[in-house]
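J.: Now for the letters of each chain:
There are 2 protein chains.
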Amino acid sequence: MTHPLWIYDTTLRDGAQREGLSLSLDDKLRIARQLDSLGIPFIEGGWPGANPKDVQFFWKLQEQPLVNSEVVAFCSTRRPNSNAAEDDNLKAILSAGTHWITLFGKSWDLHVIEGLQTTLTENLAMIADTIKFFRSQGRRVIYDAEHWFDGYKNNPNYALQTLITAAQAGAEWLVFCDTNGGTLPHEVTKIVRDAIQATKDLETPFPLQFGIHSHNDSGTAIGNAIAAVLEGVKMVQGTINGYGERCGNANLCTLIPNFQLKLDYNCIQDEQIKRLTEVSRFVSEVANLAPDDHAPFVGLSAFSHKGGIHVSAVQKNPLTYEHIPPEIIGNQRRIVVSDQAGLSNVLAKARTFGIDLDRNNPASRKILQQLKNLENQGYQFEAAEASFDLLMREALGTRKTFFTLKGFQVHCDKFSDEVCHALATVKVTVNAEDILEAAEGNGPVSALDAALRKALVNFYPMIAEFQLRDYKVRIIDGGSGTSAKTRVLVESSNGQQRWTTVGVSTNIIDASYQAVVEGLEYGLLLKQQETPVSVVAVI
Amino acid sequence: MTHPLWIYDTTLRDGAQREGLSLSLDDKLRIARQLDSLGIPFIEGGWPGANPKDVQFFWKLQEQPLVNSEVVAFCSTRRPNSNAAEDDNLKAILSAGTHWITLFGKSWDLHVIEGLQTTLTENLAMIADTIKFFRSQGRRVIYDAEHWFDGYKNNPNYALQTLITAAQAGAEWLVFCDTNGGTLPHEVTKIVRDAIQATKDLETPFPLQFGIHSHNDSGTAIGNAIAAVLEGVKMVQGTINGYGERCGNANLCTLIPNFQLKLDYNCIQDEQIKRLTEVSRFVSEVANLAPDDHAPFVGLSAFSHKGGIHVSAVQKNPLTYEHIPPEIIGNQRRIVVSDQAGLSNVLAKARTFGIDLDRNNPASRKILQQLKNLENQGYQFEAAEASFDLLMREALGTRKTFFTLKGFQVHCDKFSDEVCHALATVKVTVNAEDILEAAEGNGPVSALDAALRKALVNFYPMIAEFQLRDYKVRIIDGGSGTSAKTRVLVESSNGQQRWTTVGVSTNIIDASYQAVVEGLEYGLLLKQQETPVSVVAVI
Numbered sequence: 001m002t003h004p005l006w007i008y009d010t011t012l013r014d015g016a017q018r019e020g021l022s023l024s025l026d027d028k029l030r031i032a033r034q035l036d037s038l039g040i041p042f043i044e045g046g047w048p049g050a051n052p053k054d055v056q057f058f059w060k061l062q063e064q065p066l067v068n069s070e071v072v073a074f075c076s077t078r079r080p081n082s083n084a085a086e087d088d089n090l091k092a093i094l095s096a097g098t099h100w101i102t103l104f105g106k107s108w109d110l111h112v113i114e115g116l117q118t119t120l121t122e123n124l125a126m127i128a129d130t131i132k133f134f135r136s137q138g139r140r141v142i143y144d145a146e147h148w149f150d151g152y153k154n155n156p157n158y159a160l161q162t163l164i165t166a167a168q169a170g171a172e173w174l175v176f177c178d179t180n181g182g183t184l185p186h187e188v189t190k191i192v193r194d195a196i197q198a199t200k201d202l203e204t205p206f207p208l209q210f211g212i213h214s215h216n217d218s219g220t221a222i223g224n225a226i227a228a229v230l231e232g233v234k235m236v237q238g239t240i241n242g243y244g245e246r247c248g249n250a251n252l253c254t255l256i257p258n259f260q261l262k263l264d265y266n267c268i269q270d271e272q273i274k275r276l277t278e279v280s281r282f283v284s285e286v287a288n289l290a291p292d293d294h295a296p297f298v299g300l301s302a303f304s305h306k307g308g309i310h311v312s313a314v315q316k317n318p319l320t321y322e323h324i325p326p327e328i329i330g331n332q333r334r335i336v337v338s339d340q341a342g343l344s345n346v347l348a349k350a351r352t353f354g355i356d357l358d359r360n361n362p363a364s365r366k367i368l369q370q371l372k373n374l375e376n377q378g379y380q381f382e383a384a385e386a387s388f389d390l391l392m393r394e395a396l397g398t399r400k401t402f403f404t405l406k407g408f409q410v411h412c413d414k415f416s417d418e419v420c421h422a423l424a425t426v427k428v429t430v431n432a433e434d435i436l437e438a439a440e441g442n443g444p445v446s447a448l449d450a451a452l453r454k455a456l457v458n459f460y461p462m463i464a465e466f467q468l469r470d471y472k473v474r475i476i477d478g479g480s481g482t483s484a485k486t487r488v489l490v491e492s493s494n495g496q497q498r499w500t501t502v503g504v505s506t507n508i509i510d511a512s513y514q515a516v517v518e519g520l521e522y523g524l525l526l527k528q529q530e531t532p533v534s535v536v537a538v539i
Numbered sequence: 001m002t003h004p005l006w007i008y009d010t011t012l013r014d015g016a017q018r019e020g021l022s023l024s025l026d027d028k029l030r031i032a033r034q035l036d037s038l039g040i041p042f043i044e045g046g047w048p049g050a051n052p053k054d055v056q057f058f059w060k061l062q063e064q065p066l067v068n069s070e071v072v073a074f075c076s077t078r079r080p081n082s083n084a085a086e087d088d089n090l091k092a093i094l095s096a097g098t099h100w101i102t103l104f105g106k107s108w109d110l111h112v113i114e115g116l117q118t119t120l121t122e123n124l125a126m127i128a129d130t131i132k133f134f135r136s137q138g139r140r141v142i143y144d145a146e147h148w149f150d151g152y153k154n155n156p157n158y159a160l161q162t163l164i165t166a167a168q169a170g171a172e173w174l175v176f177c178d179t180n181g182g183t184l185p186h187e188v189t190k191i192v193r194d195a196i197q198a199t200k201d202l203e204t205p206f207p208l209q210f211g212i213h214s215h216n217d218s219g220t221a222i223g224n225a226i227a228a229v230l231e232g233v234k235m236v237q238g239t240i241n242g243y244g245e246r247c248g249n250a251n252l253c254t255l256i257p258n259f260q261l262k263l264d265y266n267c268i269q270d271e272q273i274k275r276l277t278e279v280s281r282f283v284s285e286v287a288n289l290a291p292d293d294h295a296p297f298v299g300l301s302a303f304s305h306k307g308g309i310h311v312s313a314v315q316k317n318p319l320t321y322e323h324i325p326p327e328i329i330g331n332q333r334r335i336v337v338s339d340q341a342g343l344s345n346v347l348a349k350a351r352t353f354g355i356d357l358d359r360n361n362p363a364s365r366k367i368l369q370q371l372k373n374l375e376n377q378g379y380q381f382e383a384a385e386a387s388f389d390l391l392m393r394e395a396l397g398t399r400k401t402f403f404t405l406k407g408f409q410v411h412c413d414k415f416s417d418e419v420c421h422a423l424a425t426v427k428v429t430v431n432a433e434d435i436l437e438a439a440e441g442n443g444p445v446s447a448l449d450a451a452l453r454k455a456l457v458n459f460y461p462m463i464a465e466f467q468l469r470d471y472k473v474r475i476i477d478g479g480s481g482t483s484a485k486t487r488v489l490v491e492s493s494n495g496q497q498r499w500t501t502v503g504v505s506t507n508i509i510d511a512s513y514q515a516v517v518e519g520l521e522y523g524l525l526l527k528q529q530e531t532p533v534s535v536v537a538v539i
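Just so you know, the sequences run in chain order A and B.
Position one of the first sequence corresponds to residue 1 (full-length UniProt numbering), numbered consecutively onward.
Position one of the second sequence corresponds to residue 1 (full-length UniProt numbering), numbered consecutively onward.
For reference, chain A alone in the conformation it holds in the complex (with noise of 0.2 Å):
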């Protein structure tokens, strides 16, 4: 028998104050539309009236509702002596158009001094006031009680006065934010209890059910939300990926399982929970910020196996070192090919890509060398799977000649306000035929890769279809200016299938160059022979 649990997001709105992170309206929505898919029950779109992305977004959602999900706008309290139903500020909440409205409101003495210059007594009106007022005008309210736990620590009376006020005058949820993020599991644990038992014989307009917002300054949003739930907390709070400002807010990507596999609560359905790893990589691309690959459940390191002796285990059987089995929030096992890899790596490795290599096999200690002189050098195979696969051909001498590469040159210019110029010829033969092509680009990779199709093309009229998706650069020895290494990672499609090759120079247009050539030349191969399953993934 398991327990509802209402998952509450707000990376639309808390999420968004992340350093680095900015979101379109068309950012937004498209972030919505997939958390509705993904059934989580309330979406925080923002605060309408603060800005007016925020306001078109309602209006965008009231065009074309969400299926699953309500829709919740922010807000806070009316001013200190004012009227709620005069304040400019709450209509314009009103007029986002939601069933629910998250009204925050302050618990902590020092804020309402400080922050609002205002009386104590004052803060309780306002709180009452604002709610009375939604009420009034039928919506629901959510009721966000800022720096709860700090509040409660400093005046426990008053902090508890704020949360009654806000029950009495008509709110469902109360919710214990812990804003500043300094809070420990055992503290929640016990502040959350004193509160639920402090409020349990109060007659309010509905029975209350209690929330738990958390961020991660200290490293514990995760065991704070836990800690509440377990004191009987209904709702949870947080964002996808752990978004939010400073350290983050909960993640729900690692909340959603710990409550779902570990501890038998009802989030969302079995099916749903299937795409968790794919929404959280899909909203890092959005908002277009690096994947976590560390990150618990969906991060691409979650379930990888370096060290040997891990790597054999797993084989045995993956409960050895895999708390959850990873395709049930759609993420998968890896064995990571790496300079630290034994033997006994290379060899899984070289399963996963159909190609069975015995122990004995002169090859395999080949390829484990030279492996290690790559690697020394900067090149990195975790990723360029591709060409880990070019690699392991090229020691069994089953690597396929598809064209041989003569040379390159680049051009770029700009002169004053002018664009920059970039212009690239390659020399390539194929079939004893020698090649020379040119072409222009928007910048010299973009170039580089143009001419180097024109030239294969005719040979090889698959090219077309050759796509370059992506395109990484890092910087290996930073701490050595523009004299650097540099790391390419270039990512290519065929319309069905994508593989990652990988170059290295101090040179950044050679490294991209070598990373481009590769990644043609692995197209060419699938094209020819059945494909190893691990190195490509279908799109």
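It is worth saying that the hints were derived from the structure and are not from the lab.
One thing to keep in mind: the hints can contain errors.
If several chains are the same, the list does not tell them apart, and a pair holds so long as it fits within one copy or across any two.
Unchecked claim - Listed below are the simulated BS3-like cross-link pairs for lysine-lysine, each with C-alpha atoms no more than 27 Å apart in a straight line:
no., residue 1, residue 2
1, K400, K427
2, K400, K53
3, K527, K427
4, K91, K366
5, K527, K485
6, K274, K366
7, K472, K262
8, K485, K472
9, K53, K372
10, K190, K234
11, K262, K153
12, K262, K60
Assemble chain B onto chain A, guided by the hints.
T.: Coordinates of chain B only, in the frame set by chain A:
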């Protein structure tokens, strides 16, 4: 009255299991000396015998021992059905010459039977024999109970037997390891309480002390460590920056301030905790991993304020939105400029540059407008404060012209197995004189930088002291492949100070050129003016 708590660092062993992390011998030694200066009591150095690097690491430390820390060798129990005294692996451990050895053994019956493929009784003998052998050689033993929590859940009696065996054989510390990271804090509380209770009347050669080793697969590594310590555990194992296999180990940069500043434990000296942020960044530098800007306590964003309300409140009283004063752990408060920035953020930021802008000054609105335009194009000033200072001076009409750019050309070529050549030509005007200069480099950007310096050094000799210290490239809209926009950040230095500038273009050469040029300009500006405190950092 504070209680002592022993910190045990395993960055060099468990941390190095992180995907994408590879430490050279020299890296390991540099990190060990930093941990030593931080006053970490135990540093796990590696598994001598597992690879030549770890053997050399211990030899180097025998030649030049650490001052404050005990370096510890790590290993597993003897092989099944063998004699500890004749085990070559164990002899290799002794030759590392450490006072302390951390021995890990199996607590979980599944691992004994499936992993080791031996009997439950033989596993107990392996634990006892190995500890007794190390004791007979005068070594002190820390016993890591691998998979303790999973083992206890599956077969509590057997798990307890392994622990009791280790204690009676002479281990001084018994460490509860959550190897798979699947345990939640309330389970840690219960299982640690049970184990301590079950062993309290045991007769053992040493008074028993307990430790905790947690992983972050459930997002609760920190919560689990705190839960264990609150039950009486006195040693906490973790890694700098939380590096470690899969989702990482408990982050010592989070644990130490939580225990020391919030829970009144004594981990390291107060002067040492001030260096925590510096050590965190040093280790990420040596590990060649981008620092986690959102890490609790030590992250660049951990005390950053972006939302307008937060910015104005935190300026009145930092307590309102900061859980601890950032200076205690060597971090600092930052006001973030971004496209979400209201006017008050821009004004606050200007003040940190020593520029007192008035809210009604038309230049303030102009700066805000230009900021939003440029950020729409992909510029980001959060990290490029020197470029932001130049932008403000431009809007205020106080930007000085040191030189005017006429244009540049860059040429790269490579033929067959030759190296890749890079040549740059620049044209600048200084004091109405046109200068044309050319230079070669390792890559196109270093060639451009060299040509610019050659053109300017006769007019501004101090340019000879400037250095490019760091060069970062970020593809902004990676999905567009090689036609994507590129953002380049360049960190420059004059030997005493360092500053960061930004450039954006679809052409990586052009973006680099913009950032390099602004870097030179800002260096010249610094020579002529009072240094705006928060733009440049003293080296």
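J.: Now tell me if each hint is right for this structure.
T.: Hint check:
1. Proximity of K400 to K427 under the C-alpha cut-off of 27 Å is restricted to the intra-copy arrangement: shortest distance 19 Å within a copy versus 47 Å between copies.
2. Taking the shortest alpha-carbon separations for K400 and K53, neither the intra-copy value of 54 Å nor the inter-copy value of 37 Å comes in at or below 27 Å.
3. In this homomeric assembly, K527 and K427 come within 27 Å of each other (Cα to Cα) only inside a single copy, at 24 Å, whereas the closest approach across copies is 48 Å.
4. When the C-alpha separation of K91 and K366 is checked against a cutoff of 27 Å, the pair qualifies neither within a copy, at 72 Å, nor between copies, at 30 Å.
5. Taking the shortest Cα distances, K527 and K485 never come within 27 Å of each other, neither inside one copy (33 Å) nor across copies (31 Å).
6. For the homomeric pair K274 and K366, neither the shortest alpha-carbon distance inside one copy (40 Å) nor that between copies (48 Å) is at most 27 Å.
7. With identical chains, the CA atoms of K472 and K262 are never at most 27 Å apart, being 37 Å at best within one copy and 41 Å at best between copies.
8. Taking identical chains as interchangeable, the C-alpha atoms of K485 and K472 lie at most 27 Å apart whether they share a chain (14 Å) or sit on different chains (11 Å).
9. Taking identical chains as interchangeable, the C-alpha atoms of K53 and K372 lie at most 27 Å apart only when they sit on different chains, with a minimum of 14 Å there against 51 Å within one chain.
10. For the homomeric pair K190 and K234, the shortest alpha-carbon distances inside one copy (17 Å) and between copies (23 Å) are both at most 27 Å.
11. For the homomeric pair K262 and K153, the shortest alpha-carbon distance between copies (13 Å) is at most 27 Å, but the shortest distance inside one copy (31 Å) is not.
12. Taking CA atoms no more than 27 Å apart as the test, K262 paired with K60 passes in neither setting, with 37 Å inside one copy and 46 Å between copies.
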